[in-house]
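Peer 1: Sequence:
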Amino acid sequence: MNNQNDLGQEERNNEIENNILKYQSDFYEASSEVSKISRNLVFAVLGILLIFRNLESNAGPFIPKELNWPLILIVIFIVLDLAHYIFRTFSILHFYTRKKNKYNKEVETKKISDVNYPDYPKYIPLISWVLFIMKISCSLISFILVIIFLVPKLF
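Counting from 1, one number per residue, gives the positions in the sequence shown under the UniProt record's numbering.
Because the hints were derived from the structure by calculation, they are not lab data.
Don't be surprised by glycine CBs; every beta carbon is placed ideally from N, CA and C.
It is possible that some hints are incorrect.
Think about it this way: if two alpha-carbon atoms lie no more than 30 angstroms apart in a straight line, the pair counts; the simulated DSSO-like pairs of lysine-lysine are [what the hints assert, rightly or not]:
| id | residue 1 | residue 2 |
| --- | --- | --- |
| 1 | K122 | K105 |
| 2 | K100 | K22 |
| 3 | K122 | K22 |
| 4 | K36 | K22 |
| 5 | K65 | K36 |
| 6 | K99 | K22 |
| 7 | K102 | K122 |
| 8 | K22 | K102 |
| 9 | K122 | K36 |
| 10 | K153 | K65 |
| 11 | K153 | K36 |
| 12 | K99 | K122 |
| 13 | K122 | K100 |
Distance ranges between label pairs, derived from CB positions [what the hints assert, rightly or not]:
| id | residue 1 | residue 2 | range |
| --- | --- | --- | --- |
| 14 | S31 | I147 | 16 to 26 angstroms |
| 15 | R12 | I127 | 26 to 36 angstroms |
| 16 | N13 | I51 | 28 to 38 angstroms |
Work out the full structure, taking the sequences as your base and the hints as a guide.
Peer 2: Structure representation (structure tokens):
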């Protein structure tokens with residue numbers, strides 16, 4: 001009877017783990033899509049900035065002053081986007097390499113027989129999440145500022 005309970009609990013644990021992995025996969029897919037959409041917004045804003053630029057050298061500033069903030073936010077977005085992926089990539093690589101080397105040594109010295117890699121430290125997703133939110137905010141705010149600039153021009 002006890003083996004049956006253990007087997008049932010093991011199946012339940014596997015089901016929970018599979019659900020968590022699916023949710024994690026769904027989260028990564030959704031956040032990747034949000035990043036793609038925010039990049040497209042930034043490209044749209046850049047296109048609008050190019051349309052409204054002053055082509056004559058003596059006509060004043062390169063772009064209307066109302067579009068300075070969207071341009072600044074686009075530059076910040078690009079820096080944050082790059083920082084987000086560089087930080088996450090190198091943090092995970094560093095963490096993975098350290099853990100892999102540690103566990104490989106333990107396996108070689110027969111201290112452990114099976115290698116189960118632990119979860120990432122909490123600071124990796126936290127800092128990545130902060131960078132993610134900041135870059136998405138920059139893209140949305142720049143897009144909103146351009147819309148605010150365009151609406152009076154269209155009507």
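Peer 1: Each of the hints needs a verdict: does it hold here or not?
Peer 2: Consistency of the hints with the structure:
Between K122 and K105 the CA atoms are separated by roughly 25 angstroms; this keeps the pair inside 30 angstroms, and the hint holds. At most 30 angstroms may separate the alpha-carbon atoms for a hinted pair to count; K100 and K22 meet this at roughly 24 angstroms. Of the supplied pair hints, the one linking K122 and K22 holds, its CA atoms being roughly 20 angstroms apart against a limit of 30 angstroms. The suggested pairing of K36 with K22 holds, with an alpha-carbon distance near 21 angstroms, which does not exceed 30 angstroms.
A threshold of 30 angstroms between alpha carbons decides the hint, and for K65 with K36 the separation of about 28 angstroms falls inside it, so the pair holds. For the given pair, K99 sits about 24 angstroms from K22 by alpha-carbon distance, which is consistent with the 30 angstroms threshold. Restraint check: the Cα-Cα separation between K102 and K122 comes to about 19 angstroms, which is no more than 30 angstroms; the hinted pair holds. Restraint check: the Cα-Cα separation between K22 and K102 comes to about 28 angstroms, which is no more than 30 angstroms; the hinted pair holds.
About 25 angstroms separates the Cα atoms of K122 and K36, which keeps this hinted pair within 30 angstroms; it holds. Of the supplied pair hints, the one linking K153 and K65 holds, its CA atoms being roughly 15 angstroms apart against a limit of 30 angstroms. Only pairs whose Cα atoms come within 30 angstroms are accepted, and K153 paired with K36 is accepted, the gap being roughly 28 angstroms. Of the supplied pair hints, the one linking K99 and K122 holds, its CA atoms being roughly 15 angstroms apart against a limit of 30 angstroms.
At most 30 angstroms may separate the alpha-carbon atoms for a hinted pair to count; K122 and K100 meet this at roughly 18 angstroms. In this structure the supplied range 16 to 26 angstroms holds for S31 paired with I147, their Cβ-Cβ distance being about 24 angstroms. The hint said 26 to 36 angstroms for the Cβ distance between R12 and I127, and at roughly 34 angstroms that hint holds. Taking 28 to 38 angstroms as the suggested C-beta distance range, the pair N13 and I51 does not conform, at roughly 57 angstroms.
The structure is inconsistent with hint 16 alone, although it conforms to all the rest.
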